[in-house]
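For the record, the sequence lines run as chains A and V.
Take the first sequence: its letter number 40 is residue 40 in the working numbering, and every next letter is one higher.
Take the second sequence: its letter number 25 is residue 1025 in the working numbering, and every next letter is one higher.
Please note that the accuracy of each hint is not assured.
[To be verified] Pair ranges (Cβ atoms, derived): (1) Pro1005/V / Thr137/A: 52 to 60 Å; (2) Thr287/A / Gly1049/V: 23 to 31 Å; (3) Gly1049/V / Gln92/A: 50 to 58 Å; (4) Phe299/A / Gly1121/V: 42 to 50 Å; (5) Lys341/A / Asp1109/V: 56 to 64 Å; (6) Gln355/A / Glu1128/V: 24 to 32 Å; (7) Gly288/A / Gly1098/V: 43 to 51 Å.
Worth flagging that the hints you see were computed from the coordinates, not collected in a lab.
Even for Gly, the Cβ is constructed at its ideal location relative to N, Cα and C.
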Amino acid sequence: MNKQTVLYPKHQQMGAKLVPFGGWDMPLHYGSQLQEHHQVRQDAGMFDVSHMTVVDLQGPGVKSYLRHLLANDIDRLKNQGKALYSCMLNEQGGVVDDLIVYYLGDEWYRMVVNAGTTEKDLAWMEKQSAGFELKLTPRRDLAMIAVQGPNAKSKTLPLLSEKLQQAGELKPFNALADGDWFVASTGYTGEDGFEIMVPGDRAADFWQALSDAGVAPCGLGARDTLRLEAGMNLYGTDMDETISPLEAGLAWTVAWEPEERQFIGREPLEAQRKDPQKKKFIGLVLTGRGVLRNHLKLFSGEQEIGEITSGGFSPTLERSIAFARVSPDVGESCDVEIRGKRVPAQVVKPPFARQGKAVLAL
Amino acid sequence: MSNAPTDRRYAKSHEWIKDEGDGSLTIGITDHAQELLGDLVFVDLPEVGQSLDAGGDCAVVESVKAASDVYSPVSGEVIAINDVLDGAPETINEDAFGDGWMFKVKASDMSELNGLLDAEGYDALVAEEE
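Using the sequences and the hints, build the whole thing.
Right, dumping it as structure tokens:
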């Protein structure tokens, strides 16, 4: 039996096609995934992301704990409300999860982790907390709604409290709180917008108010094509516990300095960093006919060089695009095996599209 | 709830086939099928002149979600394909039973049509799946 978010009745009422995802019944789309995608690139759309888990970390030991737990360095967070994207690694340097952490005070940080990995994450975080003075509190009382698109902020702000209306001034990756309401200028689409934590019992009314303000409900389908275009990884697909951030295009999230910071997984990562054979994480645009899909094999001549980790159709580019993990000597193009045929693809550096338009010259 | 046109026959794998009365048969996927697939973004059609076996896969429709094979309901030779679908695969979403037709065949054995479902039978199949 899958779990349902507090917004489940709203999804039914708004005609969502509901599918199982990470242990939850979530909207795939409300009619047309393509329309929802364009709605977010051109206007404003909203996603129920209440299946993701908010965890509060509080106590005098929280800062040193997080500097040990995460591959990115929370010491970079100096202003209240500032957010950081990081991987949480295992001892082998594989990714346990990717997450966002907010600095709310010297003894209070807030983390948002993936839905499907929540139980595993909490067990891991609990285990690693030995010797640090802090408390982990999953905030299951909060719902979360992402409002994204060029008009997302202007349509959302009038619905917020006077204090939270200052969120219009937030720089990217910053947040503002008012009681249990929490507004962050973050997202997973490559568009402007907010991710908003709402007390569970207020979520349905807020969702309705957003809808009345012209924000269209969007499902996981559009969320996936938007994040792919925006060059953002999906946990479990682009990386997992057997893949390090260095082979998932996430080297930029690893804070090597200061050298004395001993975060979990640092040693194997240091070794891999110097390995010339480590795999490269690239973007692909299909130049031939077809659609790139997860796990399709890539070839350079007769040699197999890797596989697609996330593939699909880009509604903005009207082409098929993908992320792939390949051997480091990949050239400017390669072939994809689609149903036994070799189809040419161009190697590119993601993102593919952001802020309403293509960012690649094809 | 489906409402299949009564002027054609249906395969259990959700293709429709219509006897045009001039020796040609038009084939496509049903409205129910396109709804299950979601927004279509790519269609791979057989080639004119290609010979098809009843029940053999001969085309692919790809939606934003996944790729799906299309099976020929009858044996025969492909005599025409719907070129419009190459640039506008969404035509199938918009009009699966009309403008979204996929290809035409000259059947080698018209009696194969008798083994297919009529509209009522197909609607019952869809109702059962739902």
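Each hint tested on the structure:
1. Pro1005/V / Thr137/A: 52 to 60 Å: 59 Å, holds
2. Thr287/A / Gly1049/V: 23 to 31 Å: 27 Å, holds
3. Gly1049/V / Gln92/A: 50 to 58 Å: Given a distance of about 55 Å, which is inside 50 to 58 Å, the answer is holds.
4. Phe299/A / Gly1121/V: 42 to 50 Å: 45 Å, holds
5. Lys341/A / Asp1109/V: 56 to 64 Å: 30 Å, violated
6. Gln355/A / Glu1128/V: 24 to 32 Å: Because 47 Å falls outside the window, the suggested range is violated.
7. Gly288/A / Gly1098/V: 43 to 51 Å: The hint (43 to 51 Å, Cβ to Cβ) is violated, given that glycine 288/A and glycine 1098/V are roughly 30 Å apart.
Comparing the model with each earlier hint shows violations of hints 5, 6, 7; every other hint is respected.
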